[in-house]
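Dock chain S against chain W, hints included.
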Amino acid sequence: MNHVSVLISVLAGLTATVAGGALPIRSRVGVAVLLTWVSCSAALVAAVSVLRSGHAIVMSTSKILPLTGISIVLTRLGAVFVLAIVMVALASTLYWIGYASHGLSTRSASSALPLFVTSMILVPFAGGVATFLVLWELMALTSLVLVLTDQSRREAARSAAQWYAVMTHAGAAAILLALVLLSAHAGGQTFAQIELHARHLSGALRGTIFVLALLGFASKAGAVPLHVWLPKAHAEAPGPASALMSGAMVNLGIYGIILVGNVLLGGGPVWWWLLVSALGVLSALYGALYAATTSDLKRLLAYSTADNMGLVLIALGASGMFAASGSRTTAAIAMVAALLLMFNHSLFKGALFLAAGAVQMVTGTRDLDRLGGLLKRMPVTGVVFLIGALSVAALPPLNGFVGEWLLLQSLLHALPSTNTAVVITVAVAVAALALTGGLTVAAFVKAMGIGFLGRPRSEEASNALEVPATMQLGAGLLALSCLALGLVPMLILPSLELGARSAQHIGVSSPVHGWISLHLFGLRGVLAPSLLAGGLFVALMATVLARRVSHRRSRSWPALAPVEPWGSGRRTQTVRMQYTSTSFAEPLQRVFDDVIRPARDLNVSPAAESHYYVERIAYRTSSDDVIERVIYQPLIVAVRRWGRLARKLQNGSVHRYLAYGLLALVIVLVVLA
Amino acid sequence: MNGFAHLLTSALVALVQLALVAVGGPLLLGVMRKVRSRLEGRVGAPIHQPLLDLRKLFTKQRMRPRESSWLFGVGPLVLVATVVCVSAISPLATTRPPLGQSTDFFAVIFALLLGSVVLALAALDTGTAFAGMGSSRSMTIGALCEPALLVAILAMAIPARTSNLPALVRAGLGHPALIASPSRVLALASFLVVILAESGRLPVDNPSTHLELTMIHEAMVLEYSGPDLGLIILGESMRLAFLLGLLVNLLVPWGVANRPGALFFVIGLAALAAKVLVTGVAIATFEVFTAKMRLFRLPELLAGGFVLALLGAVTAVVAR
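As given, the protein sequences belong to chains W and S, one line each in that order.
At position 543 of the first sequence the residue is numbered 543 (the numbering used here), and the sequence of numbers has no breaks.
In the numbering used here, each number is its position in the second sequence, counted from 1, plus 1000.
Honestly, the hints are just simulated from the structure, not real lab data.
Some, not all, of what chain S presents toward chain W, calculated at C-beta under 7 Å:
1. 1064
2. 1106
3. 1110
4. 1111
5. 1114
6. 1120
7. 1126
8. 1140
9. 1151
Computed Cβ-Cβ distance ranges for the label pairs, DEER-style:
10. 1289/S - 156/W: 51 to 59 Å
11. 490/W - 1012/S: 27 to 35 Å
12. 1274/S - 524/W: 25 to 33 Å
13. 1293/S - 52/W: 53 to 61 Å
14. 601/W - 1293/S: 28 to 36 Å
15. 1012/S - 572/W: 50 to 58 Å
16. 153/W - 1178/S: 56 to 64 Å
17. 1293/S - 626/W: 22 to 30 Å
18. 459/W - 1289/S: 52 to 60 Å
19. 1174/S - 564/W: 55 to 63 Å
20. 1297/S - 620/W: 22 to 30 Å
Fair warning: this is a prediction, and the values are worked out from it, not measured in the lab.
Ideal placement from N, C-alpha and C gives every residue a C-beta, glycine not left out.
Pulled out of the complex, with its shape left as it was, chain W reads as follows:
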């Protein structure tokens, strides 16, 4: 039964790919979406049955891939990731139906999108190094095609795709090296064989493998300083593709780290996980800071992805550290927290990117300073974005809060550890977590408040209309699941616990339990999200009632009178007097001036009559990624210089090439002799 559903999933995905490329434009997207749903549902069936029964799905064939064959193994850990990816994929493909007319109905796009979804779903199914790498590469290439599909922004898309291609292949090279090293020394290429033998490898070799894999996978997850491609590619990718990349693909980076670190290598010394946490702290802070200061809606979301993946890495690193220093309960809780943070992120970031894609489709811009007033014009999209924003800001009663609370609890209860490194990391992690939280709140108040509230700042924004129903439904589905998981986290927690247990083998069966209030196993920590939400709701209703009663008793006023807002005595206020996202972020930018180091340009041109009168002031500020400027630009310059040197070797003269051949032959002979 399970084997059949895996086969259905693969076949439906491939058929969707072919259909998307072959069918005429009218039926192309519809058929591709339907087949992708079939593929997703089949994968969902397989994942749920694995979670239920605990028996991994194992399939293999040597007929398809030469030399190594294909091996498929789905464990409970993989099943958790399949769940998260399927959730985002179902919603984004539904959304795609309405979005397709906006440049996503070309042959290349309609065959790349289903293939991208299928390859992402199948990555956790991989049971061997070769299968894993093939699927991983397929996922990277199809998403690369999708980044390039937005024809209206060709230049930006091309540059983003270039960054993405280089970074993802550098990452893939690191992963390839790690996995090849691993399989060479463990005497086999299937994960089961590796798992059996990897414990007996030398510490140095295991460390090398882990660091290589960490670099490769962390760059996929967007961890700073390997994140530079992410704000570009996720921002340029069209709506549904950006939701899939940011909501689902980054998860697989986390999957890879857990796969290599926890499953294949079976855990490791404290320093490995210290490294993971350090990457996490850096990503969380850096991502949150840039999210708070950028004024491009999708770049903001992309930076916030780096921030959220940082939180997941902090939890993952904490879990590894606790396991290495022997506190098993907290290790288990931190692992569950990592998976919950990851799952929540898929839901709310998927919703946010879909909403942002809708805004871009309707207004043609992502610049917050040209948006505004969209909540009234796009009521559903606006509410979806609001729910997503409150969720990413970790506010109750939404799902983001539960994940953050769980992480805080695991850090809080871990402190009795005697290991100084662990203690210091935990203190730094909590501080980073807190600062990140504050910055994220500011970033999303800005995104929601400037983008969707107030008065429209451009013609396009004031003429905006709500998007088609399928797009509302797709985004709304994810927003609703944010709400549902915020009220009853137990809808997903048992699955996550099973996944965490299959990754860690530390024998704490259910670290978090209780349907109404979450209890932590063996620790004093209780959270009752649904009761809290209920209390908030009752209080809200009571306040509404109180306002109505006290108000009605007084006099019969007209319901709610719209008036001109206060403008310090000015008769009218123009739209340009509104706060913009740049001005909203200015205080924060000034506080963190030393980190961001924005380029400022102030030009005051005085009037001809007297220089006391100012005719015109031009002020420009741009804060491009400081890591890109400091680390990557010199690197690019160096590579270019090498390239120029190498060009001198190749001037087109046949004689010279013959000389090279002769030289090579001589060298070979000398070496052999």
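The following block gives chain S in isolation, referenced to the frame of chain W:
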């Protein structure tokens, strides 16, 4: 029957605590203004003036800026609702509040944060320069407060091995040495800085300013009038009273009802009122002798608060 009686008592406790905060909040504001006036050589308005103001505001017409959406009206409601919800379930007069089992410190703080966030969004909904400015500044301060606040909670929670709020208060009652421990003193000092900053008191924000450009909180709510403004004033004063109530119960828990019984509860109420009153008077006195800080000097103050909290957390770890 027993279950029903228990439910009834819980609801009663919640309502009484709530009523105390709801009436005490505006009165606390009145007392603080009175103290300030007296120290500045003025007579000042009577202590119950804020209550009179509220009554007046609730009889006025509701208005909204022309281009605002539904969120504008929701802001004040959410602000009040969050404070109402947390003051019903927090250990203010008794260490056994209803649902006290699940009254987590982090949850309470994040619920209050929800109120401020929705209010900041509602301010941006007005589409004016002043409200946007207030919103931006208050979010900046909030972002810088949060590290200090969370680490302060951590520093208090480590020795007690829980972040459950009633348990933290009970731990102070049971082990007075815990209160005098450097970790809790440092954490509470940091908590106080955060309370002052979050509720817009001096030296962070001047609550009685009348110049738009220097405003933070007042600028944010500039467009509100009538019952909506009343709700905001009520919510803000309740939040100040609530946070001070938490602070004093963590600092000097004595008097709070630690066992069932109406008498203990009444004593708890009186003790809470007295302790908050003393703190409020102290803050008002401090405000007379303090000038408002420049906005861009504030990070230094809040970083100071953060360092205090971090020191508290570190000493907590070292001490165990």
